[in-house]
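Visitor: Working from the sequences, and respecting the hints, build out all of it.
Protein chains: 4
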Amino acid sequence: MTCPDELTISFITGLSVIRRPFGLTLKEISTPMDVLTFSPEPEQYAWTFGGAAPVHRIKPGTVLRLWSDDAFAGRLRDVTDLPSSALDARYLNPQTGPFHVEGAEPGDTLVLHFVEMTPARSWGASATVPFFGGLTSTDRTATLQDALPERTWIYQVDSGRGTVTFEAQGGELTLELPLAPMLGTVGVAPALGEVRTSLVPDKFGGNMDTPEMRAGSTCYLGVNVTGALFSLGDGHYRQGEGESCGTAVEGAMNTTLIVDLVKGGAPTWPRIENDDYLMVVGSSRPLEDAWRAGQVDAVLWLQELVGLDKLDAYQLLSQISEVPIANVVDTNYSVVTKLAKNLLPPTQVHDGIHRHLRDQATSISAG
Amino acid sequence: MTCPDELTISFITGLSVIRRPFGLTLKEISTPMDVLTFSPEPEQYAWTFGGAAPVHRIKPGTVLRLWSDDAFAGRLRDVTDLPSSALDARYLNPQTGPFHVEGAEPGDTLVLHFVEMTPARSWGASATVPFFGGLTSTDRTATLQDALPERTWIYQVDSGRGTVTFEAQGGELTLELPLAPMLGTVGVAPALGEVRTSLVPDKFGGNMDTPEMRAGSTCYLGVNVTGALFSLGDGHYRQGEGESCGTAVEGAMNTTLIVDLVKGGAPTWPRIENDDYLMVVGSSRPLEDAWRAGQVDAVLWLQELVGLDKLDAYQLLSQISEVPIANVVDTNYSVVTKLAKNLLPPTQVHDGIHRHLRDQATSISAG
Amino acid sequence: MTCPDELTISFITGLSVIRRPFGLTLKEISTPMDVLTFSPEPEQYAWTFGGAAPVHRIKPGTVLRLWSDDAFAGRLRDVTDLPSSALDARYLNPQTGPFHVEGAEPGDTLVLHFVEMTPARSWGASATVPFFGGLTSTDRTATLQDALPERTWIYQVDSGRGTVTFEAQGGELTLELPLAPMLGTVGVAPALGEVRTSLVPDKFGGNMDTPEMRAGSTCYLGVNVTGALFSLGDGHYRQGEGESCGTAVEGAMNTTLIVDLVKGGAPTWPRIENDDYLMVVGSSRPLEDAWRAGQVDAVLWLQELVGLDKLDAYQLLSQISEVPIANVVDTNYSVVTKLAKNLLPPTQVHDGIHRHLRDQATSISAG
Amino acid sequence: MTCPDELTISFITGLSVIRRPFGLTLKEISTPMDVLTFSPEPEQYAWTFGGAAPVHRIKPGTVLRLWSDDAFAGRLRDVTDLPSSALDARYLNPQTGPFHVEGAEPGDTLVLHFVEMTPARSWGASATVPFFGGLTSTDRTATLQDALPERTWIYQVDSGRGTVTFEAQGGELTLELPLAPMLGTVGVAPALGEVRTSLVPDKFGGNMDTPEMRAGSTCYLGVNVTGALFSLGDGHYRQGEGESCGTAVEGAMNTTLIVDLVKGGAPTWPRIENDDYLMVVGSSRPLEDAWRAGQVDAVLWLQELVGLDKLDAYQLLSQISEVPIANVVDTNYSVVTKLAKNLLPPTQVHDGIHRHLRDQATSISAG
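Residue numbers (the working numbering), protein chains in the order written: chain A, 1 to 367; chain B, 368 to 734; chain C, 735 to 1101; chain D, 1102 to 1468.
The hints are simulated quantities; they were obtained by calculation from the structure and are not laboratory data.
Honestly, I wouldn't trust all of these hints.
Derived DSSO-like pairs: lysine-lysine, alpha-carbon spacing no greater than 30 Å straight-line [stated by the list, open to error]:
#1 D:Lys1442 to B:Lys677
#2 A:Lys341 to A:Lys310
#3 A:Lys310 to A:Lys263
#4 A:Lys341 to B:Lys677
#5 D:Lys1442 to C:Lys1075
Guide: The structure is reproduced here in structure tokens:
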């Protein structure tokens, strides 16, 4: 596999991006969009949020076409590649980035609209890793039991059929499962001068491992440092909610996204919007605290958007929120609170920026 | 409101129920089905799982048409009825039952197929209760803060439109939300001679508060005592996942179900099957333990059903399970692990009893 | 071993007990005290709190001399007796009781002063039990790992030296450890009509497993049902804090205690007083909730006793409380909050009832 | 208050330090010891573990005489200084350091023996901080309740009497409490290139907030980066176990310590030894995971030191460990597992380095 650092800047026709500081109203005028294509060499991989020098400076409105390696840094390629020998704990979950977004300052809202995610390899890998995962003891949920055995699974991708194939290692079963690409990890540099490994999800985003981070979604992240310094990686060709064994169908990914910026309005926890839902991702331990954090932020969001007082927003949330677990395996656990738009009064998040970027995405895909 | 104890035993035509101990194969012969209609007087309400005398003895195969009061025992009927004055902590979450199922012995599997759930009142109620709920401190997640204010909401039911209406109390907003009837509480007498309040979910079922307990679902519960002694209640006209404020749109419910029995095969945790999913409900604290318990049971179930070894089942679950939270407010928290049937090889749970009861249900509804 | 049901009622000379309902002031007049000696036959063991008929009715002021079996019901007597074959999950942690205390009504405070605890056998037993304990996965902190191996240890008691002897099973080491008798389980019938296995600690007391429940301590329990219906058992010849492997040096125990009653004043969580400390035992999951519950109750207690407002009491507690963990292995975990009396202004709990019972105890021991 | 950066290097007579890599045996020869006195200017404060340039390079065997500011960076000096106005979330818990220890490499064991801790001011401060602390909801244990009120307490230090004085703000009570100086925060640079705020405790040490970190204790920390880069701060004039309100009697501290190094042997979690105990500090969430992590490490330590197999070590730990909670307020919670030396066979940790440093300390104090 070649991962050349092909850097291309081109112009395509798109829609202007609405940013509140400039008081623009939505206009469907065609303007050229910056497009940056970037595929890092292994020595350019970032292993942390914060603490890595930016690979590029970009303007809000830029389209990024990015390649990211898988969470194993491509080291599990065959069922005979076992984690304890093939992996290095210091080099897990490589990120593509960070990108310095011009004009981003602490308190602003970074907007990432995912246009497309497609497998960059014809296979994905998953594994049980000793003392890592949800249904084993770990270094913290520590017990005196022996580790579960290691095992590696390789899933073949059939892009035509839109599937990945599970092959049992202890038996004969094979099963085709729908391809459902997503990014496990999207984040910015943390607050308080911290540098966090890319294995961690928290307020800065990071390794949230939610299937909601897929094409068609817009992610809102609070900016903590000048330039935001966001990066992404950890492509999953599909993943169950919870990511039970600790690893999804991990795969290198080609991701197209539009980067935008809203001045101010930084959310406390990562928020995601798609055509159907408003979502908040809380990450903490124990799992109920991940839930509480996201739920309280969703109540605040409801109050702002719909004009309810706190108790009414709490009540409404109680009857409408959908709450899938994202991960119960990472350094923090993650839970998503989802509010269906069709149950709410018509409302606009950041002047309808998701809809606007969604429209732009169409022109990009077409272009 | 009238809650007459209308006890009617009648016979309708249905399909014979398959029970493994008798080695029957599936036959579509028409047989008469016992039908029992029961609506308890308030003094017949059960407040516990275990510890209450059975209200009826029934045979496997019986159709029950039950009325159950709401979790407030009908005491919140107006927005001026506030929990601290209107409710009595000793009389919450009344159950209809228990029913003694003939032939049920410890280790057997009680099978409850829900045919129909319809609101038995034209309104439902919800409330914030001091120091109860998910986004407040409680008697256990104890803090020194003041309680959130009490507030009661009354939702009008429009059966024709299939909606309940949220009316903000601190503002003007009203919202029609889809009616989505479910039972918060379904359970049997616990093991070890315990008697548990109906507010608790655990291995015996109980107050799991999952929207999956709805018409079309079949619930499998492990039997702990002779006769199983199951009861049900806590109708919800709709509920968000997590039941954040601690109360759903609580409402009296008319429930039609078919009761059946499989000898042996008692699941560790409550299992639910519908046309599309196999599900396990784990209940514990912290929330990750509710998840772990249900996930491990789902791995075991996958092994049995699909013939995988433990690690392969763990891997497959990791890529396919959907995991909505059920409740983060009760004495134990509950999480549902769902496995989509269409992602699995064709498989039969208890010789296809769900499909069989589903077919019977059609004849009942028609009848 | 013989466990005859030797019931003896005798009179000894003691100090009158101060009970607030009768408005007595402390007088050191000699009055006869009821003494009841009771050692249950195995068929008289209670396995639950609530749900068992009282073995005796006693008056406040009664001295009880009780024998209790060990938590294994005496079934582990040799290192070759392994839990999975020797134990029956339905018959664990037998209690001596319950005792109906005359005059006790819901809302009252049961007062149990422990005069003496001495081993009733020359050996104690401990064991690792599959999927039970703190450093193994369990039925709730469920993983897919194999269980730790079973092993049984027998500790010889040397009452003269005041020791129990640890003998390594996988090596040669023997170690004499100080004998430190305590009761793992002391409780009353629960509220809400519940019946709980004796393995559970909660607001009603139960299986708290704190070394503070020893001779010289006075335990205050809130009464939930007429007669209180308290029982005790689960003697430990010694135990580390946390009871890590799930079992202490379990042993049959002879316990002498004085039973008393304060009308009203029921504490939310079990409280313990000894000459040096005021203590609250919180029990819940996760462990921080056990801590929070006990701490909040200790803040309330400080407010009442010392006359501080809530924030001042919180501040003072923050600088003085000692907080040993009691158990991290039972159905609920338990944490003790301790306040050293010598750091507080002089104060009296229930008119100095602990000091009074302590004085009585001296006369009993002497008598 | 004066905080001059008085850097003094002098020589005093001490005992040579035993370091295993050089195969020395214990000899009581007098050798000169490097002494470094350092008091940082505010602009030299470190706010993170990792990510800060070393203030000094020192050799193993160096005596450090350090001044550290309090966790509020000295901004709360009067009861009218309230956290929300006086504090800046970016500048909390300043550390003195980091120090680069020559020869320290990843996998080594940094040894810090605390000789003396004395208050560097005549007053200490404590406060309730909105949504911070153990008995309030927080940003993660998030609820919709209002914050507890802010309040600041100033404690006067009486070094002669050895006390700090609590003064109630909502009433009249004053209480003298024993002075018990300790450091809340001691740590090294983290692994995996992380930079963590000084508010966090984890495997690298940090903000563990255990009263065991006091004069007479030797702390063992695993080295993650060349030079170890340790720092310390967060002096407490006294603290209850758990640090319930989130802040102890916070005070600037003069600390004398001897820094030493053992090649290899890095413990997974911070370990502490004093004359009476071997201790492990686990830090995680939920609280039971902090406990589990420390307990499993203590079992491993017992195995190594005493020569027991895993199950025997687990059993022995179960009967002897003392387990005080350290903090339930920081980003991770901390629990200490303590093993009394007098219950164990005679054993030497790192060839008796604690005893050796203890002897050296005597000569320093005398000198």
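Visitor: The structure should be examined with respect to each hint, and the outcome stated for every one.
Guide: So, going through the hints one by one against the coordinates:
About 43 Å separates the Cα atoms of lysine 1442 of chain D and lysine 677 of chain B, which puts this hinted pair outside 30 Å; it is violated. A distance of roughly 19 Å separates the Cα atoms of lysine 341 of chain A and lysine 310 of chain A; the hinted pair therefore holds under the 30 Å criterion. The suggested pairing of lysine 310 of chain A with lysine 263 of chain A holds, with an alpha-carbon distance near 26 Å, which does not exceed 30 Å. With a C-alpha separation of about 40 Å, the suggested pairing of lysine 341 of chain A with lysine 677 of chain B is violated against the 30 Å cut-off.
For a cut-off of 30 Å, the pair hint linking lysine 1442 of chain D to lysine 1075 of chain C stands: about 28 Å separates their Cα positions.
Checked against the numbered hints listed earlier, the structure breaks hints 1 and 4; every other hint is satisfied.
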